[in-house]
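**Q** Protein chains in written order, with the numbering used here: chain A, 658 to 971; chain B, 658 to 971.
Hints are computed from structural coordinates only; laboratory data are not their basis.
Any given hint might turn out to be false.
In this list, chains with the same sequence are indistinguishable; a pair is considered to hold if it fits within one copy or across any two.
Restricting the straight-line Cα-Cα distance to at most 35 angstroms, the calculated cross-link-like pairs of lysine-lysine (DSBU-like) are [what the hints assert, rightly or not]:
| id | residue 1 | residue 2 |
| --- | --- | --- |
| 1 | LYS968 | LYS766 |
| 2 | LYS780 | LYS953 |
| 3 | LYS780 | LYS849 |
| 4 | LYS727 | LYS780 |
| 5 | LYS873 | LYS904 |
| 6 | LYS853 | LYS870 |
| 7 | LYS752 | LYS870 |
| 8 | LYS766 | LYS953 |
| 9 | LYS904 | LYS780 |
There are 2 protein chains.
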Amino acid sequence: MQLPAFSDIQAAHQRIRPFIHRTPVMTSRLLNELFGCELYFKCENFQKVGAFKFRGATNAVLQLDEVHKKRGVVTHSSGNHAAALALAARMNGIKAFIVMPENAPAVKKEAVAGYGAEITFCKPTLSAREETCRSIMEREGATLIHPYDNFNVICGQGTAAFELLEETEALDFVIAPVGGGGLLSGTSTCAKGISKAIRVIGAEPVNANDAWKSFKSGILTPSVNPLTVADGLLTSLSELTFSIIKKNADDILTATEESIISCMRLVWERMKIIIEPSSATVLAIISGNREYFSGKKAGLIISGGNVDLGKLPF
Amino acid sequence: MQLPAFSDIQAAHQRIRPFIHRTPVMTSRLLNELFGCELYFKCENFQKVGAFKFRGATNAVLQLDEVHKKRGVVTHSSGNHAAALALAARMNGIKAFIVMPENAPAVKKEAVAGYGAEITFCKPTLSAREETCRSIMEREGATLIHPYDNFNVICGQGTAAFELLEETEALDFVIAPVGGGGLLSGTSTCAKGISKAIRVIGAEPVNANDAWKSFKSGILTPSVNPLTVADGLLTSLSELTFSIIKKNADDILTATEESIISCMRLVWERMKIIIEPSSATVLAIISGNREYFSGKKAGLIISGGNVDLGKLPF
Numbered sequence: 658m659q660l661p662a663f664s665d666i667q668a669a670h671q672r673i674r675p676f677i678h679r680t681p682v683m684t685s686r687l688l689n690e691l692f693g694c695e696l697y698f699k700c701e702n703f704q705k706v707g708a709f710k711f712r713g714a715t716n717a718v719l720q721l722d723e724v725h726k727k728r729g730v731v732t733h734s735s736g737n738h739a740a741a742l743a744l745a746a747r748m749n750g751i752k753a754f755i756v757m758p759e760n761a762p763a764v765k766k767e768a769v770a771g772y773g774a775e776i777t778f779c780k781p782t783l784s785a786r787e788e789t790c791r792s793i794m795e796r797e798g799a800t801l802i803h804p805y806d807n808f809n810v811i812c813g814q815g816t817a818a819f820e821l822l823e824e825t826e827a828l829d830f831v832i833a834p835v836g837g838g839g840l841l842s843g844t845s846t847c848a849k850g851i852s853k854a855i856r857v858i859g860a861e862p863v864n865a866n867d868a869w870k871s872f873k874s875g876i877l878t879p880s881v882n883p884l885t886v887a888d889g890l891l892t893s894l895s896e897l898t899f900s901i902i903k904k905n906a907d908d909i910l911t912a913t914e915e916s917i918i919s920c921m922r923l924v925w926e927r928m929k930i931i932i933e934p935s936s937a938t939v940l941a942i943i944s945g946n947r948e949y950f951s952g953k954k955a956g957l958i959i960s961g962g963n964v965d966l967g968k969l970p971f
Numbered sequence: 658m659q660l661p662a663f664s665d666i667q668a669a670h671q672r673i674r675p676f677i678h679r680t681p682v683m684t685s686r687l688l689n690e691l692f693g694c695e696l697y698f699k700c701e702n703f704q705k706v707g708a709f710k711f712r713g714a715t716n717a718v719l720q721l722d723e724v725h726k727k728r729g730v731v732t733h734s735s736g737n738h739a740a741a742l743a744l745a746a747r748m749n750g751i752k753a754f755i756v757m758p759e760n761a762p763a764v765k766k767e768a769v770a771g772y773g774a775e776i777t778f779c780k781p782t783l784s785a786r787e788e789t790c791r792s793i794m795e796r797e798g799a800t801l802i803h804p805y806d807n808f809n810v811i812c813g814q815g816t817a818a819f820e821l822l823e824e825t826e827a828l829d830f831v832i833a834p835v836g837g838g839g840l841l842s843g844t845s846t847c848a849k850g851i852s853k854a855i856r857v858i859g860a861e862p863v864n865a866n867d868a869w870k871s872f873k874s875g876i877l878t879p880s881v882n883p884l885t886v887a888d889g890l891l892t893s894l895s896e897l898t899f900s901i902i903k904k905n906a907d908d909i910l911t912a913t914e915e916s917i918i919s920c921m922r923l924v925w926e927r928m929k930i931i932i933e934p935s936s937a938t939v940l941a942i943i944s945g946n947r948e949y950f951s952g953k954k955a956g957l958i959i960s961g962g963n964v965d966l967g968k969l970p971f
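Looking at chain A on its own, in the form it has when it is part of the complex (with noise of 0.2 angstroms):
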C-alpha cells in the first residue's frame, strides 16, 4: 500500500490551487483567553461548497485521464463530499452520480442537486452506500471517487494544512477532525513533512470513536450504526488512512456531545462564523483538555459550515 509523501502534497496543492479558494485563518482574542492557548483557524467552511472536501475532490478530477473524464465519476457520500466532487466534476465538464443517505440533511441535498449531478438515494448504511455505488460503476463506466479511501483524494485534503502551516509559524499543534481518516491523513502527512515537531491530534466524537478504538488498540476496529450531532464524521476508518494515521498522528482525543454542540455556539457567538458539528469537535478538544493545551499555539482545521438551519441543535 503507497502511502502519500510530504511532495504529493505540495504537487497537490500546486494543481488544485487555481481551482479552490485560499481560505483565512482567523484567530479570536476572546477564545484564546477562555482556553488560555493561542487558537489558529483554518476556515474551510469559507471553502467553494462549504467545506475542505472540494479540495480532495479537485485533486482527483484533475488526475483522471481523458477516457475515464468522459465516462464520469460517482461517490457516496454523507454529504460534504458528494457536494464537493459534483462541483470539481462540473467545473472540469465530467457527469457526477452521487449516492446519498436518505437521511442526508436537507441542506446537502439541495447543494449538490444545484451542481447538477446525478443523485441516488440509499438507505443509511455502508453496505447499501456500496451496493448503489458499484451498481452505477457497473452500468456508467464511471470512476469512484471514495471520500476518503483513495491516494489523490487525501493527499487535496492535506493542502489545507499546507496553507496553514504557511503562514502560521511555530505551531505547536495540528488538529483536524477524523471520521473517514482522509483529513487528518493529508493533515498530518503534510504537518510531519514540515516539521516532526508538530504535534498532529484527531479530533473525534466520542460517540463514533472508532479511529480513537483503531489508533490505541492497534487494530482496525469500525463503528457500527455511530450516532453523533457530527453528521460529517459517521464513517470508519479504511486500511490506507488507518496507516498514514498510524505512521503519521500522535493522538486521537474524543469530545462529548455536548461539548461538540456548546464549542459549536460558542464559535457562532463569538467569531461569527457559521461552522458544522463536526467542525467543533477540534475546539472541544481544546475545552475538554485544557492543561494539556495550556499555553501553547494550535491550528484547527475547521472542516465546513454546511448546517441545516432548520434544525439546529441549540
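Since the structure of chain A is provided, determine the placement of chain B on it from the hints.
**A** Same frame as chain A, but now just chain B:
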C-alpha cells in the same frame, strides 16, 4: 449645527486605529450571480463587540478630557452601542453606566455585563431611556455618549466606509442600514468626501421607515413604537443625523420583514457568516431593487453579528 467633514472622519480613523479591528471585505461569487451585481461586504460583524458601534464609541471616549474621564460615561442603547461603549470605556479605564430596555436580547445584556459596565434596565420606550439616563448623569456627573446624536460617534462610524473605500475601487454604491442614522451619516460623509460620484443609499425596514418618510418629505418624522425583526434599527433620526443624511445621502430604500429574514438566512447559508437582521436589511435592498443595481458595484456595510441564537427568526 456643525456637520462633520471628511477630514473629521480621517482624523477619527487615525485616532481609533490602534483600538479597533480592521475588518475584512468579503465577496461571494454565488450572491453576485444570484443578484446580478458585484457586492463587497464590509464585515463589521467581525468588529470588536460584534458591531461597527465600537468605532464611534471609541472615537467619543478618546476625546474626553481627564476630568470627564474620571466621572465616567453613560448611554442608552438597544444593545450594540451599549456593549461598544462598555468595552471602549473599560479599555481606557473609564466607568460606564448603561441604560438598556428590559426586552433587549439576552446575548446583548450578557455582553454588556461581561465588559464590566453598570446596567440600569428601563421600559423599552425612548422617553423612559432618556429619563433614566438623565438621572444617572445628574447623580454621577457622567458624560452622555448618545448612540447616534453625537458628532464624535458619527465620525467614528464613518471609518468603516473609509476602510471599505480604501480597498475597493470604483464602487457605484455604498449602502448602510439606517436606524438613528449615525452609521449612514458617517458613511455618506465619508463616501461623498472621497467621490461625489458614489451613490449612498440608506437601507431601512418598511416597518420602521422614519428615515424614508423624513427624507421624502423633508420634515423630520420619528417612528412611533415601530416593530421590526431588525432590532438595531428601531430608533429614529435626530436633527443632527437628518441634516447630514439630507445633505449627503442619495436615497433611502425600504425592505419588508420577509425579505430581511430571507436575506439574513441566505448570508448565513451561503457566506457562512453570522449577521444580525439589521445587517441583512442592506442585502434586502439589493434583492428588492434588482434592476436598479443590475451590473453595478455596491459596497454593503454589514453592521453587526449579534444574534440571540435561541430566538432565530427562521
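**Q** Give a verdict on every hint.
**A** Outcome of the hint check:
Proximity of LYS968 to LYS766 under the C-alpha cut-off of 35 angstroms is found in both arrangements, the shortest distances being 15 angstroms within a copy and 26 angstroms between copies. Proximity of LYS780 and LYS953 under a CA criterion of 35 angstroms is satisfied in neither setting, with 43 angstroms inside one chain copy and 47 angstroms between copies. Taking CA atoms no more than 35 angstroms apart as the test, LYS780 paired with LYS849 passes in neither setting, with 38 angstroms inside one copy and 60 angstroms between copies. In this assembly of identical chains, LYS727 and LYS780 lie within 35 angstroms of each other by CA distance solely inside one copy; the values are 29 angstroms within and 68 angstroms between copies.
When the C-alpha separation of LYS873 and LYS904 is checked against a cutoff of 35 angstroms, the pair qualifies only within one copy, where the shortest distance is 13 angstroms, while the shortest distance between copies is 70 angstroms. With identical chains, the CA atoms of LYS853 and LYS870 are at most 35 angstroms apart within one copy only, with a shortest distance of 24 angstroms there and 66 angstroms across copies. For the identical chains of this complex, LYS752 and LYS870 are neighbours neither inside a copy (38 angstroms) nor across copies (54 angstroms), given an alpha-carbon limit of 35 angstroms. In the homo-oligomer, the alpha carbons of LYS766 and LYS953 lie at most 35 angstroms apart only across protomers (32 angstroms), although the nearest pairing inside one protomer, at 39 angstroms, exceeds that limit.
Taking the shortest Cα distances, LYS904 and LYS780 sit within 35 angstroms of each other inside one copy (34 angstroms), while across copies they are farther apart (63 angstroms).
Hint violations for this structure: numbers 2, 3, 7, all remaining hints satisfied.
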